[in-house]
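Engineer: Listed below, chain by chain, are the residues.
Number of protein chains: 2
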Amino acid sequence: MAWVDVSECKRFSPEKFQKINLFETDRMFCDVYCFEAGQEQTPHKHQGADKIYYVLEGKGLVQIGAERLELLPGMAAHASSGEEHAVKNSGPERLVMLVFMAPHP
Amino acid sequence: MAWVDVSECKRFSPEKFQKINLFETDRMFCDVYCFEAGQEQTPHKHQGADKIYYVLEGKGLVQIGAERLELLPGMAAHASSGEEHAVKNSGPERLVMLVFMAPHP
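Chain order of the listed sequences is Y and X. The numbers in our numbering rise by one with no breaks, and the one at position 74 of the first sequence is 74. The numbers in our numbering rise by one with no breaks, and the one at position 47 of the second sequence is 47.
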């Protein structure tokens with residue numbers, strides 16, 4: 001069975017935020033993103049694909065389109081096809097998010 | 001922005017486990033599944049689609065193919081195209097899972 005304990009997959013780097021893949025097929029991927037304080041994923045978009053962010057730990061300032069919202073643990077946001085999106089660790093603690101994307105870009 | 005506080009979306013029924021949709025497009029969906037003690041999602045499969053289960057609360061006995069594993073909070077499992085899968089709330093507490101599926105069946 002393909003399974004993971006996400007808490008054992010976390011990895012951080014002072015250089016940049018880390019993307020750790022949990023599951024991946026031709027159709028989708030599921031990653032855990034790990035941000036040190038101040039680190040960010042810069043604005044970008046995916047034509048024809050959806051992305052979901054779910055906060056596991058910390059605080060993430062999520063931008064989707066022209067809107068920004070601070071997500072706390074247990075909160076999720078969705079960037080649909082073509083919507084510009086970005087995340088910044090807006091807290092003093094580490095930020096950990098589950099990220100799902102489909103189809104696989 | 002499309003966002004949710006998942007903890008505010010939970011809903012339980014003594015009749016059967018509840019599926020609450022969080023996000024949905026033509027390409028994928030993201031639900032929260034809420035199980036009372038003993039409730040289950042019976043074995044089924046999806047040709048050409050992936051499903052991911054992530055446990056938020058409680059204990060879930062997940063079957064994928066011929067294997068079974070008890071997932072605790074923070075653990076995730078992946079059922080790929082054509083793999084039979086099922087979940088049962090194996091604990092005395094309520095079971096809450098994030099569920100992602102792509103493409104949308």
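Worth flagging that the hints you see were computed from the coordinates, not collected in a lab. The model shown is predicted, which means the values in this text are computed figures rather than measured ones. Heads up, a few of these hints could be off.
Because identical chains cannot be distinguished in the list, a pair is counted as satisfied if it fits within a single copy or across any two copies.
Taking lysine-lysine and the BS3-like style, the derived pairs with C-alpha atoms no more than 30 Å apart in a straight line are [to be verified]:
1. Lys59 - Lys19
2. Lys59 - Lys45
3. Lys59 - Lys10
4. Lys45 - Lys16
5. Lys16 - Lys88
6. Lys88 - Lys10
7. Lys45 - Lys88
Engineer: Please go over all the hints and tell whether each is borne out by the structure.
Structural biologist: Outcome of the hint check:
1. Lys59 - Lys19: This pair counts as both: shortest intra-copy Cα distance 17 Å, inter-copy 27 Å.
2. Lys59 - Lys45: within (22 Å within a copy, 36 Å between copies)
3. Lys59 - Lys10: Classified as both; 16 Å inside a copy, 22 Å across copies.
4. Lys45 - Lys16: Intra 19 Å, inter 39 Å, cutoff 30 Å: intra-copy only.
5. Lys16 - Lys88: Within one copy, since 12 Å is at most 30 Å while 39 Å is not.
6. Lys88 - Lys10: For Lys88 and Lys10, the Cα distance is within 30 Å both inside one copy (17 Å) and across copies (27 Å).
7. Lys45 - Lys88: within (16 Å within a copy, 37 Å between copies)
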